[in-house]
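Student: Use the sequences and the hints to build the structure in full.
Take 1242 as the starting number for the sequence shown in my numbering and just add one per residue.
Take the hints with a grain of salt, since some may be wrong.
[As the list claims (entries may be wrong)] Ranges between beta-carbon positions, derived for each pair:
no. : residue 1 : residue 2 : range
1   : K1803     : P1399     : 46 to 54 Å
2   : K1529     : K1737     : 21 to 29 Å
3   : T1569     : Q1443     : 33 to 41 Å
4   : K1292     : R1256     : 21 to 29 Å
5   : D1744     : I1817     : 15 to 23 Å
6   : Q1443     : T1675     : 15 to 23 Å
7   : K1803     : A1641     : 23 to 31 Å
8   : K1317     : D1647     : 28 to 36 Å
Don't read these hints as lab results, they were simulated from the structure. Computed from a predicted structure; not experimentally measured. In this text, a Cβ means the ideal position worked out from N, Cα and C, and glycines have one as well.
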Amino acid sequence: MTYRSTKECIEDLERHGMLLRIGHEVDGCLEAAEIHRQVFDAKGPAILFEKIKGSPFPAASNLFGTLERSQFIFRKTLKSTKDAIAIKANPEAAIKNFWRYWKAPITGLLSLPKKVSSGPVLECETKIDQLPLITSWPMDGGPFVTLPQVYTESCLRPGVMNSNIGMYRIQLMGNDYQKNKEVGVHYQIHRGMGIHHTEAMQKNVPLKVAIFIGGPPAHSFAAVMPLPENLPEVIFAGMLAGRRFRHIKWGGWTVAADADFCILGTIHGDSTKPEGPFGDHLGYYSLKHLFPVMTVEKVFHRKDAIWPFTVVGRPPQEDTAFGAMIHTMTKPMVPVSIPGVKAMHAVDAAGVHPLLFAVGTERYVPYQKTKPQELLTQANAILGFNQASLAKYLMIIDHADNPGLDINDESGFLQHVLERVDWTRDLHFQTKTTIDTLDYSGSAINEGSKVVIAARGTKIRDLATDIESNLDLPKGFSNPKIAIPGVLLLEGPAFKDYDQAADDMMPWTKNEKNIAVDTPLVVIVDDSDFASHSLKNFLWVTFTRSQPSHDIYGVGSRFTFKHWEAHGSLIIDARIKPHHAPPLVEDPNVVEKVSRYLETLNLTVFNEWDPIEKKTIQKTMKLNSKQNAE
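Tutor: Shown next as structure tokens:
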């Protein structure tokens, strides 16, 4: 079925055994988020909090907590949406397979936004302090909206077809915000809202902002979809919802008629206030910085409103399922958007933007199979493409070297690179450039560096799986561990500053025989037991705690003209630095309280929900496929 509100989605999930109701009052400050985390970790169901302390509204979370549940929610429209994207990626294939794709043009027409005179979202009014105020982490600056749909339009070309909907977190209270009168809007670098804000400032008019919460679940997905600037999210929202995006004009704002809640306001010029801290998806806090402040004009809600929220933190979290869902829909677009590139994979365990894998093709001079050539052209295109432009470490390989390699096999991909990489040739840096706003490994907010590692050719080394018995560690280094084949982890002394770090690395960089050939990568960490415990830990520590220009060293490193190279192992300093943001740590008292409560619900039963969901989904998908065939 398709949904017109969060309530309809909740009721459908409950009918199919995919919902946990919590009837007792829950504190929105830390407690609701901790319940969410523990249920998510147990692969549990969606959650309905019937009573949030201090608010008359129920709240829901973990709606999209598994890929299977997301697919179930969109079971009626997922195929037609994917077909529409596939047609855009390859129109010729659609012509050749007319009977498979004949409904796609109809889907497109039925996805156009629809203006209406009224809607349920305008039925009631409230105030900011009456909303479910969810604070997820102990050091958060206040409660936030974590599943917002932030709607803006171009003041130069007004209208819903020139709109942008983005999921930019909203701080509702705390810091210097005037209660019920101001909220903080955190949009990051390379976001569509920034274009509209710039236009409004240049024209010297206030930017009208509408923040929608809830409504058809497809609207939340539309807010996170990486769509081209010329494709408004309202069309995608209608396509995935199976129902046109219905909008109302109210006092100069465009309002989503079917939203559960709507906060209307204006941003005046470059008016900013401190926003944050906020526990974010890299697994650290994004700290307090100046971001636009919105003056609140009205807060509307429908009569049966439910407040949907999510909890972000060190991956995997619920937004991991968002990413998996997006990948399944947009996969056909990659080869069209960037010629020669067959696949891309943003590594969730590394915080998404810090590490990006890509598979490209070499077509320039096919008779020369010795070095990356077109791969470098494709890498530059990737670093200019949408959200991929925020990649900090980009590793790209040639498809022809291993056509069967799965880009989602993160350990296998890394080993493929390390078996072939030539550190004298395959490192390409960009310095003093932009990186993700949430990445604190750089030199300042939005500032840092990137490196492309382009590996091509036949295997040139076997990778070490054991530590050398005669490994001679310099003073201050200890506890060697193998993370994955070819990667040696070492505990180093506590990081002091970069001058001291250069001295720490001196015993390695000046001795080209220090590390064996079969160990092409060495990572210096604070705790090698933790970093080697799992692939997830290794990826998180290595790529969130280093920036290429400052933290990459090399055994026997030197410059050949302007090209930096290493003649032995590459070294990444992934120790915690003084300028890094603190990692996310739960409040132990809240953790214990929630654990005791969930034990009374027999938390282990939640592990059975996933197979139940899969069985239900498979049955539903099979029925839908039969209906589509007919």
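Student: Is 21 to 29 Å right for how far apart the beta carbons of K1292 and R1256 are?
Tutor: 22 Å, holds
Student: Starting from the range 15 to 23 Å, see whether the pair Q1443 and T1675 falls in it by beta-carbon distance.
Tutor: Given range 15 to 23 Å: holds, Cβ gap about 21 Å.
Student: So does K1317 sit 28 to 36 Å from D1647, Cβ to Cβ?
Tutor: 30 Å, holds
Student: Given a hint of 33 to 41 Å, does the C-beta separation of T1569 and Q1443 actually sit inside it?
Tutor: Given range 33 to 41 Å: holds, Cβ gap about 39 Å.
Student: Could you see if the CB distance from D1744 to I1817 stays within 15 to 23 Å?
Tutor: The hint (15 to 23 Å, Cβ to Cβ) holds, given that D1744 and I1817 are roughly 18 Å apart.
Student: Is 46 to 54 Å respected by the C-beta to C-beta distance linking K1803 and P1399?
Tutor: 48 Å, holds
Student: Taking 21 to 29 Å as the hint, is the beta-carbon distance of K1529 and K1737 inside that range?
Tutor: About 25 Å separates the Cβ atoms of K1529 and K1737, which means 21 to 29 Å holds.
Student: Could you see if the CB distance from K1803 to A1641 stays within 23 to 31 Å?
Tutor: Given a distance of about 30 Å, which is inside 23 to 31 Å, the answer is holds.
The structure agrees with every numbered hint stated previously.
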